[in-house]
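Asks: Chain by chain, the residues run as shown.
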Amino acid sequence: DTAVSQTPKYLVTQMGNDKSIKCEQNLGHDTMYWYKQDSKKFLKIMFSYNNKELIINETVPNRFSPKSPDKAHLNLHINSLELGDSAVYFCASSQGGGFLETQYFGPGTRLLVL
Amino acid sequence: GQQVMQIPQYQHVQEGEDFTTYCNSSTTLSNIQWYKQRPGGHPVFLIQLVKSGEVKKQKRLTFQFGEAKKNSSLHITATQTTDVGTYFCAINAGNNRKLIWGLGTSLAVNP
Numbered sequence: 001d002t003a004v005s006q007t008p009k010y011l012v013t014q015m016g017n018d019k020s021i022k023c024e025q026n027l028g029h030d031t032m033y034w035y036k037q038d039s040k041k042f043l044k045i046m047f048s049y050n051n052k053e054l055i056i057n058e059t060v061p062n063r064f065s066p067k068s069p070d071k072a073h074l075n076l077h078i079n080s081l082e083l084g085d086s087a088v089y090f091c092a093s094s095q096g097g098g099f100l101e102t103q104y105f106g107p108g109t110r111l112l113v114l
Numbered sequence: 001g002q003q004v005m006q007i008p009q010y011q012h013v014q015e016g017e018d019f020t021t022y023c024n025s026s027t028t029l030s031n032i033q034w035y036k037q038r039p040g041g042h043p044v045f046l047i048q049l050v051k052s053g054e055v056k057k058q059k060r061l062t063f064q065f066g067e068a069k070k071n072s073s074l075h076i077t078a079t080q081t082t083d084v085g086t087y088f089c090a091i092n093a094g095n096n097r098k099l100i101w102g103l104g105t106s107l108a109v110n111p
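Chains Z and E, in that order, give the protein sequences.
Counting in the working numbering, the first sequence runs from 1 upward without gaps.
Counting in the working numbering, the second sequence runs from 1 upward without gaps.
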């Protein structure tokens with residue numbers, strides 16, 4: 001019944017590894033987002049997709065590659081993980097991408113790079 | 001680019017005291033949203049304000065949008081331990097494509 005789900009919830013890995021985080025929403029929303037939240041709680045938008053089309057691509061290292069196989073799923077693949085990638089990654093969705101849209105967040109993936 | 005300043009960054013209160021967090025922008029806003037994130041949790045939408053001078057209430061929470069639509073506040077009356085968390089405001093980036101988030105105000109409540 002979870003509206004926005006993410007897997008895994010926790011991810012501990014070594015520097016240099018490649019990892020993926022998956023996100024699914026069952027709300028029927030058209031737009032999905034990836035956010036990074038650092039230890040100081042700052043929420044930074046990384047990517048946004050609307051109906052499988054990339055619409056926001058912030059200044060993010062190209063080691064990060066999002067993929068949206070359909071509008072209910074948005075995955076994030078990270079190559080060559082670095083220590084600074086340690087953070088909580090949140091997936092979110094909204095009905096559309098308009099300015100009145102409420103965003104619904106997943107539970108987060110806590111990534112720790114050693 | 002558009003920014004929103006949120007203060008204070010931290011607030012520590014005794015249970016029963018009031019709490020207020022403020023968000024300020026240098027430009028006129030189309031709208032503002034407020035979210036709450038419990039410790040270890042994810043941001044959860046609380047409310048959206050759109051009209052100049054708008055005031056909305058949710059039980060002990062009162063949200064206000066300034067007359068000039070450049071600032072907003074969230075006030076909690078008689079805090080409880082369940083109010084603990086980080087409160088974020090978020091504004092539209094101007095291109096209607098994304099939200100710009102305040103840095104959040106982390107509230108701690110002593111029982």
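Keep in mind the hints are simulated off the structure, nothing from the lab.
Just so you know, not all the hints are guaranteed correct.
Short derived list, chain Z residues pointing at chain E, Cβ under 7 Å [claimed, not checked]:
#1 8
#2 10
#3 108
#4 111
The calculated label-pair distances, taken between Cβ atoms and stated as ranges, are [unchecked claim]:
#5 Z:5 to E:12: 42 to 48 Å
#6 E:62 to Z:54: 37 to 43 Å
#7 E:70 to Z:100: 32 to 38 Å
Result set (SDA-like, lysine to any residue): computed pairs, CA atoms no more than 20 Å apart in a straight line [what the hints assert, rightly or not]:
#8 Z:67 to Z:5
#9 Z:41 to E:12
#10 Z:36 to E:38
#11 Z:36 to E:56
#12 Z:41 to Z:111
#13 Z:44 to E:75
#14 Z:40 to E:64
#15 Z:52 to Z:83
#16 Z:44 to Z:75
#17 Z:41 to E:83
#18 Z:44 to Z:98
#19 Z:9 to E:40
#20 Z:9 to Z:52
#21 Z:41 to E:108
#22 Z:36 to E:103
#23 E:98 to Z:73
#24 Z:44 to E:12
#25 Z:44 to E:57
#26 Z:41 to E:41
#27 E:56 to E:69
#28 Z:40 to E:3
#29 Z:71 to Z:96
#30 Z:40 to E:40
#31 E:57 to Z:100
#32 E:98 to Z:9
#33 Z:44 to E:9
#34 Z:71 to E:97
#35 E:57 to E:75
#36 E:69 to Z:99
#37 Z:44 to Z:62
#38 Z:44 to Z:83
#39 E:59 to E:22
#40 Z:41 to Z:88
Beta carbons: idealized from backbone N, C-alpha and C, even for Gly.
Asks: All hints, please: hold or fail.
Replies: To see whether the hints hold, each was checked on the structure:
Using the Cβ-Cβ criterion of 7 Å, the hint placing residue 8 of chain Z at the interface with chain E is not satisfied: the shortest such distance is roughly 15 Å. Annotation: interface hint on residue 10 of chain Z violated; nearest CB of chain E at approximately 12 Å, more than 7 Å. Using the Cβ-Cβ criterion of 7 Å, the hint placing residue 108 of chain Z at the interface with chain E is satisfied: the shortest such distance is roughly 5 Å. For residue 111 of chain Z, the shortest C-beta to C-beta distance to chain E is roughly 15 Å, which exceeds 7 Å, and the interface hint is violated.
Between residue 5 of chain Z and residue 12 of chain E the beta carbon distance is about 34 Å. The supplied range of 42 to 48 Å is therefore violated. The hinted range of 37 to 43 Å is satisfied by residue 62 of chain E and residue 54 of chain Z, whose Cβ atoms lie roughly 39 Å apart. For the pair residue 70 of chain E and residue 100 of chain Z, the supplied restraint of 32 to 38 Å is violated, since their beta-carbon distance comes to about 19 Å. Of the pairs offered as hints, the one joining residue 67 of chain Z and residue 5 of chain Z holds, with about 16 Å between alpha carbons and a cut-off of 20 Å not exceeded.
Distance restraint check for residue 41 of chain Z and residue 12 of chain E: the Cα-Cα separation of roughly 17 Å lies within the 20 Å cut-off, and the hinted pair is therefore satisfied. A threshold of 20 Å between alpha carbons decides the hint, and for residue 36 of chain Z with residue 38 of chain E the separation of about 17 Å falls inside it, so the pair holds. With a C-alpha separation of about 30 Å, the suggested pair residue 36 of chain Z and residue 56 of chain E falls outside the 20 Å cut-off, and the hint is violated. A threshold of 20 Å between alpha carbons decides the hint, and for residue 41 of chain Z with residue 111 of chain Z the separation of about 14 Å falls inside it, so the pair holds.
Distance restraint check for residue 44 of chain Z and residue 75 of chain E: the Cα-Cα separation of roughly 25 Å exceeds the 20 Å cut-off, and the hinted pair is therefore not satisfied. Of the supplied pair hints, the one linking residue 40 of chain Z and residue 64 of chain E is violated, its CA atoms being roughly 26 Å apart against a limit of 20 Å. Of the supplied pair hints, the one linking residue 52 of chain Z and residue 83 of chain Z is violated, its CA atoms being roughly 30 Å apart against a limit of 20 Å. Restraint check for residue 44 of chain Z and residue 75 of chain Z: the C-alpha separation of about 17 Å stays at or below 20 Å, so the hint holds.
For the hint linking residue 41 of chain Z to residue 83 of chain E, the alpha-carbon distance of about 17 Å falls within 20 Å, and the restraint holds. Note on residue 44 of chain Z and residue 98 of chain Z: the hinted pairing holds, with a Cα-Cα distance of about 18 Å set against a maximum of 20 Å. Under the criterion of a C-alpha separation no larger than 20 Å, the hint pairing residue 9 of chain Z with residue 40 of chain E is consistent with the structure, at around 11 Å. For the hint pairing residue 9 of chain Z with residue 52 of chain Z, the CA-to-CA distance comes to about 24 Å; that exceeds 20 Å, so the pair is violated.
With a CA separation close to 15 Å, the supplied pair residue 41 of chain Z and residue 108 of chain E stays within the 20 Å bound. The straight-line distance between the Cα atoms of residue 36 of chain Z and residue 103 of chain E is roughly 13 Å, inside the 20 Å bound, and the hint therefore holds. A threshold of 20 Å between alpha carbons decides the hint, and for residue 98 of chain E with residue 73 of chain Z the separation of about 19 Å falls inside it, so the pair holds. Taken as a hint, the residue 44 of chain Z and residue 12 of chain E pair is broken in the structure, with Cα atoms around 25 Å apart against an allowance of 20 Å.
In summary, the hint linking residue 44 of chain Z to residue 57 of chain E is not supported, as the alpha carbons are separated by about 28 Å, beyond the 20 Å threshold. For the hint pairing residue 41 of chain Z with residue 41 of chain E, the CA-to-CA distance comes to about 11 Å; that is within 20 Å, so the pair holds. Using a Cα cut-off of 20 Å, the hinted pair residue 56 of chain E and residue 69 of chain E holds, with the two alpha carbons roughly 15 Å apart. Taking the CA atoms of residue 40 of chain Z and residue 3 of chain E, the gap is near 18 Å; set against the 20 Å cutoff, the hint holds.
Distance restraint check for residue 71 of chain Z and residue 96 of chain Z: the Cα-Cα separation of roughly 11 Å lies within the 20 Å cut-off, and the hinted pair is therefore satisfied. For the hint linking residue 40 of chain Z to residue 40 of chain E, the alpha-carbon distance of about 13 Å falls within 20 Å, and the restraint holds. Restraint check for residue 57 of chain E and residue 100 of chain Z: satisfied, since their Cα atoms lie roughly 19 Å apart, inside the 20 Å limit. Restraint check for residue 98 of chain E and residue 9 of chain Z: not satisfied, since their Cα atoms lie roughly 25 Å apart, outside the 20 Å limit.
Only pairs whose Cα atoms come within 20 Å are accepted, and residue 44 of chain Z paired with residue 9 of chain E is accepted, the gap being roughly 17 Å. As the CA atoms of residue 71 of chain Z and residue 97 of chain E are separated by approximately 17 Å, the hinted pair is consistent with the 20 Å bound. Between the alpha carbons of residue 57 of chain E and residue 75 of chain E the distance comes to roughly 9 Å, so the proposed pair stays at or under 20 Å and holds. Between the alpha carbons of residue 69 of chain E and residue 99 of chain Z the distance comes to roughly 15 Å, so the proposed pair stays at or under 20 Å and holds.
With a CA separation close to 16 Å, the supplied pair residue 44 of chain Z and residue 62 of chain Z stays within the 20 Å bound. With a CA separation close to 17 Å, the supplied pair residue 44 of chain Z and residue 83 of chain Z stays within the 20 Å bound. Of the pairs offered as hints, the one joining residue 59 of chain E and residue 22 of chain E holds, with about 19 Å between alpha carbons and a cut-off of 20 Å not exceeded. Taken as a hint, the residue 41 of chain Z and residue 88 of chain Z pair is honoured in the structure, with Cα atoms around 9 Å apart against an allowance of 20 Å.
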